Amino acid sequence: MVATAGVSWNPVPARAQSNPQAGIALILEARVNGVRSRLLWEFVQLPDGTLAATAERLRSLGLKVPAAPSPADLVRLDDLPGVTYRYVEGAQSVEIDATDAAVIPMVLDAGTAPREIDLDKLSRNTGALLNYGVYADLGDDSQASAQYDLRILTRLGVATTTGYATLAADGRDKIDHTRLDTYWRMVDVRTAIALTLGDTIGGVGEMTTAYRLAGIQIQRDFESRPDLITTALPMLSGSAAVPSTIDLYLNGLRYYSGSVGRGPFQFRSLPSMGGGATATVVLTDAMGRETTISKQLFFVPRLLPKGKLDFSVEAGLPRLNYGAKSFDYASRIAGSGSVRYGVSDAFTVRSHLEGMGGHVLAGVGGTVRVGGFGALSAGASASRFRKHTGTRLLLEAQARLLGIDLFGGIERSDAHYQTLVGATAFYAARRADPLGDPDPSLPPDLLPTPDDDPLLVAFARRIERAGASFSIAGTGVNLAYTRVKLVEQDLRVANFSAQRGFGSNVSLWVNGYKDFGDDRRYGVALGLSVALGRRSTASANVAHSNDATRISSRLSYNTGYGEGSWNVNLSSQEVVSGVGTDYRAADVRYRGHHAIVGGGIDNFGNRTRVNGFIEGSIVAMGGVFLASTVDRSFAVVRGAGPNTPLLVDSRKVGHTDARGRALLPSLRSLAVNRIEIDPTNLPLDLSAARTEIEVVPDDRAGVIVDFAVRREASAVVILIDGAGRPLALGSVLTVEGVGDPIVVGHDGRVFLTGLAEHNRLLIQRADGGECRASFDFLPIAGNLPQVGPLVCQ
264 MVATAGVSWN PVPARAQSNP QAGIALILEA RVNGVRSRLL WEFVQLPDGT
314 LAATAERLRS LGLKVPAAPS PADLVRLDDL PGVTYRYVEG AQSVEIDATD
364 AAVIPMVLDA GTAPREIDLD KLSRNTGALL NYGVYADLGD DSQASAQYDL
414 RILTRLGVAT TTGYATLAAD GRDKIDHTRL DTYWRMVDVR TAIALTLGDT
464 IGGVGEMTTA YRLAGIQIQR DFESRPDLIT TALPMLSGSA AVPSTIDLYL
514 NGLRYYSGSV GRGPFQFRSL PSMGGGATAT VVLTDAMGRE TTISKQLFFV
564 PRLLPKGKLD FSVEAGLPRL NYGAKSFDYA SRIAGSGSVR YGVSDAFTVR
614 SHLEGMGGHV LAGVGGTVRV GGFGALSAGA SASRFRKHTG TRLLLEAQAR
664 LLGIDLFGGI ERSDAHYQTL VGATAFYAAR RADPLGDPDP SLPPDLLPTP
714 DDDPLLVAFA RRIERAGASF SIAGTGVNLA YTRVKLVEQD LRVANFSAQR
764 GFGSNVSLWV NGYKDFGDDR RYGVALGLSV ALGRRSTASA NVAHSNDATR
814 ISSRLSYNTG YGEGSWNVNL SSQEVVSGVG TDYRAADVRY RGHHAIVGGG
864 IDNFGNRTRV NGFIEGSIVA MGGVFLASTV DRSFAVVRGA GPNTPLLVDS
914 RKVGHTDARG RALLPSLRSL AVNRIEIDPT NLPLDLSAAR TEIEVVPDDR
964 AGVIVDFAVR REASAVVILI DGAGRPLALG SVLTVEGVGD PIVVGHDGRV
1014 FLTGLAEHNR LLIQRADGGE CRASFDFLPI AGNLPQVGPL VCQ
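Note that this note's numbering has the sequence shown beginning at 264, numbered continuously upward.
Quick caveat, the hints were computed from the structure, so don't treat them as lab data. Remember, it's a predicted structure, so these values are computed and weren't measured experimentally. Ideal Cβ placement from N, Cα and C applies to all residues, glycine included. Check before you lean on any hint, since a few could be wrong.
[Unchecked claim] Pairwise CB distance ranges, derived in the manner of DEER restraints:
1) Leu749 to Asn514: 38 to 44 Å
2) Ser594 to Val793: 57 to 63 Å
3) Val627 to Asp341: 30 to 36 Å
4) Pro568 to Gly353: 43 to 49 Å
[As the list claims (entries may be wrong)] Once the Cα atoms are required to be at most 27 Å apart in a straight line, the calculated DSS-like pairs of lysine-lysine come out as:
5) Lys569 to Lys327
6) Lys384 to Lys571
7) Lys569 to Lys558
8) Lys777 to Lys384
9) Lys571 to Lys327
10) Lys748 to Lys650
11) Lys748 to Lys777
12) Lys588 to Lys437
All chains, please: the whole structure from these sequences, using the hints.
What follows is the structure, given as structure tokens:
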């Protein structure tokens, strides 16, 4: 039942051929629980009259088979528990009945299973790519800036460096340049493992604080395999008493419609609903009788499928003052490692270890799905830094009850708990003041750190979160409460939001917050958004807080996001009362074939500023191309003919230049991209070897796609007989030295390709006999010449 449609018939296995006493080979039609297979199956009738088949074929039919020494070994149907059968010799068929326990559940796809990638089709070409952006502001504080992302693309990975430069009109005329990241990265797509050398980010996860470093990193990269399911989706199963049609509904919306035979079934690729959902399965038999199965499901993105392993290991020098200094690194080597493992589809464990000289931190945790109603996550970690031991405990819960999505969490850290980020900040402070040696008895959150060091983060000893989301009378409502206890401040903030749509064009929203802690601040806002046709949107809101009341408005016009699109925005803010500055702004953005350009003007109080920018890419691969910004992967099209329309996944994206080349800047990495040309625009003397090519670009790679459009020496030849009449329809013509025969069409016309300077024709006439003709040919660029009439004699 599972893979019936994909099973093909094979010849009698060698075992049966070499051992006639094993039985007689039979090719039979098979029915399992009343469902007929669309293929024929090979069985063996043993000397005692019973039927047998290989374990592999029985599993393909959907029957559970005990472990066999080899998939090719014969298994008697009589030995399968819960299975009965009847061999109908006259019909050359076998009818098999099996209980639910004896059948492999039929796997149904709700349409969300990712498309499998043929890794042998992965392609990557050598080249270079520069993404750039240039920005200028003219006003009281005029300045110009530029940013870049330079990549060297090789077959062994991608080398990248990024940075920015600024020029301020303050009389110095000095350009300040800051390097951001420089690294080389290679991904083994088959194992989904990435190797990075250079600047990277470590400590990403739920058990620590992320940090930047320069060194080496080896990690699992699930993004490189979009065809893999990396989240443990809930499973929905049931059983049909008779063959039936089946419909699946999630929160009242139908996601699947199909048919099942008698026996068990499973949905294994349910779409993620981002929390709780009610699943309803409706079975309808041939008599129209319905059976309904309902079940609560809960989606937990942090759960890995059973047996799936995720990890990251890195070591190097922590980065300091990122974004402000180009080469500022700590002098001590740091390292960290994180592991997640799917023990089952409902339980994932995780662990983390990090440290540097004088500091170490270790932690464990896990996430478990609680039935179809919620999930629990817990974690514990401990650190040792400057002779002090600290601990951190975390507990989080999510649930959906009575249509309400609930969440809550609590985190406790004592005064001596310290992460790698805090330890790095401490050593940076000592470097800034080498004569100072902070008292080792001070808790880590009170250690001095440089004021300008972005690594220093607020150390929260206590965090509490709770909230709820629900819908009432068509209005979506969100409520939340957060408490963050810092060293010198206690934040306790409650917030709410609600949104209601009126038709498809109007929405009304309101949100607000109140700080019950030290600040005692509050705010509330009410807004309205209206769609003005397909391309324009207008919105307005009024906001009130402790210190001001403001009215804001915005009008947007957007023609799309592809090449040739425009985006225009007008916005304003009026301070009705309290502290603040009135604001006016207008900006426009255009995405062209070679770049994105834009500009605007804004006014803050009595200050007016004019700005402009240009963003784009320069690609060197099979030529030099200009295009709008390249994000992940791209393709260079060549050999496609001049000014030929191009499509990606049936969506028009541009056209080639006069040389038949183009750059497609927005392909999906590690996914199937179908690139097409529209040959109707090709000149008559050009022909394409192919009009559609599927490519799978590697991670952040460029690929060259050649449609092999070639100039053909072609012509329409008109043939007549000695009496001046067109040769009869159906006459067969052969060009000497060229190849296959060609049938003559109406009015003696025939289309010939691959012509030479001198051509000799042999024609088998439809009315009997044969004749010959010859002609000289000179191609005319852009035209399809007509030759003749030629007398065939």
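Cross-check of the supplied hints:
| no. | hint | verdict |
| --- | --- | --- |
| 1 | Leu749 to Asn514: 38 to 44 Å | 40 Å, holds |
| 2 | Ser594 to Val793: 57 to 63 Å | 58 Å, holds |
| 3 | Val627 to Asp341: 30 to 36 Å | 51 Å, violated |
| 4 | Pro568 to Gly353: 43 to 49 Å | 48 Å, holds |
| 5 | Lys569 to Lys327 | 21 Å, holds |
| 6 | Lys384 to Lys571 | 25 Å, holds |
| 7 | Lys569 to Lys558 | 22 Å, holds |
| 8 | Lys777 to Lys384 | 56 Å, violated |
| 9 | Lys571 to Lys327 | 25 Å, holds |
| 10 | Lys748 to Lys650 | 24 Å, holds |
| 11 | Lys748 to Lys777 | 16 Å, holds |
| 12 | Lys588 to Lys437 | 16 Å, holds |
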